[in-house]
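Number of protein chains: 2
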Amino acid sequence: MVVLNYRLTVQYDGTDFAGFQVQPGQYTIQGELERALAVLAKEPIRIIGAGRTDAGVHAEGQVVSFKTDALTVPIDRLPIAVNSLLPFSIRVLEAQYVPPDFHARYSAVRKTYRYQVFHGPVADVFLRRFAHWVREPLDWDLMRDAVQQLIGRHDFQGYAATGSSVKTTVRTMYAIEIDTAQRVKTIRFTADGFLYNMVRNIVGTLIEVGQKRRTVESVLEVLENRNRALAGPTAPPVGLVLETVDYA
Amino acid sequence: MVVLNYRLTVQYDGTDFAGFQVQPGQYTIQGELERALAVLAKEPIRIIGAGRTDAGVHAEGQVVSFKTDALTVPIDRLPIAVNSLLPFSIRVLEAQYVPPDFHARYSAVRKTYRYQVFHGPVADVFLRRFAHWVREPLDWDLMRDAVQQLIGRHDFQGYAATGSSVKTTVRTMYAIEIDTAQRVKTIRFTADGFLYNMVRNIVGTLIEVGQKRRTVESVLEVLENRNRALAGPTAPPVGLVLETVDYA
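Protein chains in written order, with the numbering used here: chain A, 1 to 248; chain B, 1001 to 1248.
I should point out that these hints are in silico values taken from the structure, not numbers from a laboratory. Note that the structure is a prediction, hence the values are computed from the model and not measured. Take the hints with a grain of salt, since some may be wrong.
Sample of chain B residues facing chain A (criterion: CB under 10 Å; computed from the structure) [what the hints assert, rightly or not]:
id, residue
1, Pro1079
2, Phe1088
3, Arg1091
4, Val1092
5, Val1098
6, Arg1128
C-beta atoms are modelled at their ideal positions from N, C-alpha and C, and glycine is treated no differently.
If we strip away everything but chain A, and leave its shape as in the complex, we get:
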């Protein structure tokens, strides 16, 4: 049989997982997807994820790809077949054949992450898995001013986890949109790529701006000094959602 290249769009509630990436003895999204696909293929399948989301981080539109000649399920029935073998916290939304050179991670040209914040005197039990609870109100206007400084092509090393090894820490931030119209406030980041912990480090810093514990200008200083120590804390994973991954 001919080897085909598959692309799946996957949604998950990351709360109960040790992250996307397979780790021995851990409950992971990749592990569950590979387990389900192996049942259908009757042989091991190794998948590639566009974004290796951390423990507790969610996805609305994660993209995974894999090659196999062993799947006999028609492509339009594949989501239903895989979903029947997955925990309810992971759902395959769509499956399609892609050209042989498609690679979920390397072919991605743009990703959008959303960070969700809930403010109120008491935490909301229905949002506790999906939004970061901040007790005191935030000054979102200051936060809007602060994010403008991050748009464009920059060295984001100051907002990356220390010790991560990547060829370059330069990324292009296409847009950062803050939406406070709903009960859950969102900060949406679109870039050509993200460094490890980059969104959560930016959000942790922005929240300090919203709390007036640091200046709007200090957000730019982190960039200019490329110094993680100048940034705020890493915001918790609970509020982070991988929204979409775009390909050329």
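Following the hints, complete the assembly by docking chain B onto the known chain A.
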């Protein structure tokens, strides 16, 4: 010290609980609230809930009452104190002193329950704890016609769980509102009281109307015949939320 009567407004995600009511060896909302209050009072406290919600049923505005002379926490600090001792799936929103004759269940004059339905080809991982997933679209106009027949004072025995013993099965349904404007569709019931499983039995029947598996008229026939066997299945607890409890 003087015995005071307390009223708490409580929110919970019922997914992981065996229901509101204390049962030996079970994880219950009442059990967790009583455990937390006993820590503060340094003696056992028995609480009364306005509605004894089932396993998996949620509450935005459950009301509980209890009497004690053993709490020394100021009333405005009581929610924070109790919340610090509760699991994150239960939150006390408000605490107040009430007159000695206030009883969370017997003093209630009106309750509102909301049932949440999500329709789509694939279940939504973020809604799986809070909405009943229906794969096929429903005819909500037929369902709107059907609920009109239930408004007013009726014997709801046909929509009650069989074998439940109550003095009377007559209740007054003040309103049933269907809202389909959002992604999560809701059916909101306001009545002077509800029989055991009444909302879920009505919803299970309404969904069959929406699926055109039974007629609009059959919804009234269940009432008139007082026959549970004529009604549809009991809708799952996941979609049910105790929204508010009103007092005179």
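So, going through the hints one by one against the coordinates:
no.	hint	in the structure
1	Pro1079	holds, 7 Å
2	Phe1088	holds, 5 Å
3	Arg1091	holds, 5 Å
4	Val1092	holds, 8 Å
5	Val1098	violated, 20 Å
6	Arg1128	holds, 5 Å
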